[in-house]
Amino acid sequence: MKDNAESFEGSRYASHVPIERNEEVCIGCNSCVEACMHDVHVPNPKPGKPPLVFHPDDCWCCGCCVMECPLLEEGAITFKWPIESELRWKRKETGELFRVGMANPPAPNTTPPVGGWVILRERKG
Amino acid sequence: MPDSNRRSFLKSVGQRTLAAGVGLGLPSSARPDANDPEGPQNDDSAWPYPIAYDKETEVDVDVVVLGGGVSGCWAAIGAARKGLRVALVEKGNTKRSGSNGSGVDHWQDCAANPASRVSPDELAQDIIDARKGYICGPSRWIKTHEGWDRLQELEQMGMKIRDDDDEFKGAEFRDETTKLLFAFNYQDRTVIRIWGTGLKPALTRECRRLGVKIFDRVMATSLLSENGQPGSRIVGATGVNTRTGEFLVFNAKATILTAASPSRVWQFVDNLGISAHRPPNNSGDGFAMAWKAGAMFTLMEASSLGTQPGVGQGAAGGNSTWYPLSRVDSSGKEIPWFDVNGNLLSTVSERCYPAPGQKRFLGGGRVGASREYRGPAPLSDRQIDEGVKKGTFVLPLYGDLSSMPELERKAIFRLMVAQEGLGWIAYRTLVKAGFDPEKDLPQIYRSHNPPDVRSLPIDMGGLVVDWDMRTNLEGLYAAGEQAYGTWGCAGSSTTGHWAGQRAGEYALRTSKAPVNRQQIENEKRRVYAPVRQTSGTLWKELENGIAKVMQDYCGDVKHEESLKIADKWLTEIDDSELKRLRARTPHELMHALEASNILAVSQLVVSSCMARKASSELLGFHRSDYPAVDPPEWHKFVTVKLEQGQVEVGELPIDYGAPLAHSYAKHS
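Just so you know, the sequences run in chain order A and B. For the first sequence, our numbering gives the first residue as 1, with consecutive numbering after it. For the second sequence, our numbering gives the first residue as 1, with consecutive numbering after it.
Hints in this document: simulated from the structure, not taken from any laboratory. No false leads were slipped in.
Cβ pair distances, simulated, as ranges:
1) B/613 <-> A/124: 50 to 56 Å
2) A/104 <-> B/525: 56 to 62 Å
3) B/629 <-> A/122: 52 to 58 Å
4) B/579 <-> A/78: 39 to 45 Å
5) B/308 <-> A/103: 22 to 28 Å
6) A/95 <-> B/552: 42 to 48 Å
7) B/666 <-> A/121: 33 to 39 Å
8) A/78 <-> B/169: 32 to 38 Å
9) B/332 <-> A/105: 20 to 26 Å
10) A/121 <-> B/665: 32 to 38 Å
11) B/169 <-> A/93: 25 to 31 Å
12) B/332 <-> A/117: 30 to 36 Å
13) A/45 <-> B/535: 27 to 33 Å
Computed from the model, here is a short list of chain A residues facing chain B with C-beta under 7 Å:
14) 43
15) 58
16) 59
17) 62
18) 89
19) 105
20) 108
21) 109
22) 113
23) 114
24) 121
C-beta: ideal position from N, C-alpha, C; glycine also.
Just need the whole structure built from these sequences, with the hints factored in.
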């Protein structure tokens, strides 16, 4: 069994693999596997190893696997749009053109959403 | 849950496992693709879950809910609150599945909120009038009256629904007392901006708290009828596990269908996930099984232009999340906004109020409202196209958040985009890539799909339901998009809860009827046929073929002759390629069954198109053999259902469900 997702049945001939994992950080907890409504990922047969992208064509880029990752900030999982869906923009003052995924991106913007990154609070009562 | 708890629960819901081996001839341990010469050849491709095609589990409950999206969760909650044993069956995972699985940013038609300036009765009636009656009157009444109840419950469950951190203090779209934030129409204040990324986790947690037994990764495949006869009382459903292939039989007093409207009938691209702007598992499973069971549908002839594959919710310009976005062309020239009377609007604020003399506008992505209820809008796509040809505008177009008032910019990007479905990841990906709404112009992507690539409007076709959200079949209820003329997060929540309560009341006063063994055996043969094939058609090939038939003969402009050809070729595919459909894993089996459902839905659509012998602007329905548009004698609901294998056409008056105020009071 290879750990490389590209060697796997579902993704072998896929044009786009929507998720990349950092093997050094991912603990193989499979939270992302269970979060996905389309079974894009499957658990790695080797316990503790990163899950495998098995059905990449089913991914509709909802990002729920990323939301559920306990080591998201540490870089365990990275989401990638297909190139055609990588959003593009223009800087108003300078006219510079940018896109998600470009080789020399501008500095990240660290502003969180209104309300922060909290997804769900405790139940009241 | 721990194994011991699981066992005791299974016992309490009356679950039992039948003897293995029912003549399918399926090896229980073999990999499904082990002998497939075209299949993967090495261990890398091993299916990771245990295969159990020959295992059958029976689940005995009071109420079974089919579809674990927003309406399904609320239906389960409504029934469970009556103390009933409830099973919730979901093809994906309930926590993150359905059209609002990854989030939702606004809660519509919430006229009962304390800051609203319109009564629930009046708003519901205006929505019905705006659609000239082609909508579900009862569900709209339920939605405007009960949306606030459901939203307050979501707040109790832990979802954020108001600006309690005072980030928008002083904004014209904020009510300073309740701290609710409104969208679209700042006069009426009925559409509430919400932090809906937490919606499905909140509902799932609540279902579990109430003891609902959730069956994730189980695709419902058919409805079970009393005595196995279509048209009879519904006594449960069958399902198949999408990881193991295990077969499940649900025997229930009441069944609630809460599956999604099919998102791919005319439209299919190989990269399924980005083919439509809805979850790819919205394949109309509920529509197909209800059609086969003899349930009655209406408005399935309605269609609209399909959307271009790709580019998700983070893209600027979507008319609900990004309303009232300022737009510029590539040279920085502003795209003007106008009110319904064609008057130029000079401020951002004016885009959020009705025109002078206009009673109200209904905003937020609602399909085809009649003119008197139309809201402010930027220059139309058609006019922009003309401008581009003449050189007045230069493509591409951009959103211009930076020129908007600060609190509007913040509400659009940092609240709405971050909370809408597909938005959380879009927000995160954009900001990490350096996008800054104060400096940057996000590109607007324009859709030019061919006219024959249609899509089913999500608030049109569906099952005919009465004031109890009951279908024409005893024991079968429907809510959310599964019901005709019903949609959206608030619409699915309110109708789901309502259907759960009414189905629960029915379950409390009725006794259980047994499932029919022969029907189950027949269904097992149908379900497992694809995994017994060693050669044949794969699901993508089949779906592509169905989509092409629908584009060619049931596209933008319809005609009796072309509809007959559509029917012929769909029947032909049903008799040939469908019989040779092949699946190598339980996941492929799920897709194969989805393709089969899309074929059934296509047949339902073609039958519905044949039944309405008149064109209609509001329904997006153009018949070249009946060119008169919206003739008064066709201002009605045309219904179709299967009766002994034949399509039976009927009709209901356009004010079906009336008198609405009186009926709502009587039924609530």
